[in-house]
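First to last, the protein sequences are chains A and B.
Going letter by letter, the first sequence gives residues 208 to 464 in my numbering.
Going letter by letter, the second sequence gives residues 143 to 229 in my numbering.
Don't read these hints as lab results, they were simulated from the structure.
Bear in mind that the values here come from a model prediction, so they are computed numbers and not experimental data.
Partial selection, computed: residues in chain A whose CB lies under 10 Å from chain B: (1) Gly257; (2) Glu352; (3) Phe404.
Ideal placement from N, C-alpha and C gives every residue a C-beta, glycine not left out.
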Amino acid sequence: MRWRLKSAEELPPLAEAQRERYARQIMQAELGELGQRRLAAATALVSRHGGLGGPAALSLAMAGIGKLILVHPGRLVQPALNRMNLMSEAGLGQGHSTQAAETLKRCRADLVVEPHDCAVNDLENLNEIVAGCDVVVSAAPTFEERRCLHQACLRTRTPMVEAAMSGYSALLFTILPGETACLQCAFPDDGGWEEPFPVLGAVAHALGAMAALEAVHLLTDAPQLAGTLLLWDAKKMTMTRVALRRDPQCPACGGLD
Amino acid sequence: MTIVVQLFGPLRERLGLDETPLALPDGATARDALAAFVAAHSEAADYYDAKTGRTPLMLIVDGERVALDAALADGAALLLVSPMAGG
Ligand SMILES: [Zn+2]
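With the rest of the complex left out, here is chain A (with noise of 0.2 Å):
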């Protein structure tokens, strides 16, 4: 589905143990109660959790949103301790996406969480759950997990956060299908990028968060991102912004509109 805010007439009220908790993100003008009502009627899928995705569907779980579909293949590893922020040292072993729904769900009961310990590439369904989705964050440390998810959000015109980084470099960008530069306007070629890369704790959490902010800026008023890749270097600590223009001869969405 095309991205569009809902209006007012298509969103119930919020209950008022809502409006208490949200209270303090509620008198934020942009976001405002219309805002709040947005982002509990909306879902979001997290492609992988981990050092990035995991803090990314905190964030959206604290802030409210309605739904959160996690996915996330392979069983916790000790390695992956310096920075899974969703996991813990009694769930080594056990798969990520269980683990992470309870984690969310101890921070939040009401919210409604769709766990599938498996990647993107592995669901049969993709596109009809991508359909359903309000906001995709993709956050997989695999371009074929990548290019997979971003296939089926420009078959379903939903709309993609991009985030990805390595070692102190991290870069974020949203993804209007037909609208806006793709994955494959902007990176046509995967460059050799492998596994293992490095990656500090800090550093992915906060693009995490930073990926959930331009969800919600996404989900309740307008994308800051769409066609603007955002560079942040972690060892500067500065920010560019680089405008990204759709490439007309894309392979991937050269012909949507």
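Position chain B with the ligand relative to chain A; hints supplied.
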């Protein structure tokens, strides 16, 4: 003329280099800069194919993405962003 090449992403880690000055003939293009940079840093060889002119890097000057044939000015900062998928 002299420009500054700034690195971002995995290439920066591979070379252990944030930025470096690069001397170029006047009127040099981004392609010339990339070729000279790769010639001086053999570990970056797979980021530029001189035969086909292909590169996976995003080239940025003054916050604007530029094409390989863009002319560079003396003192320009050329930011080379290598693709990354870390999450
Ligand atoms: Zn495209």
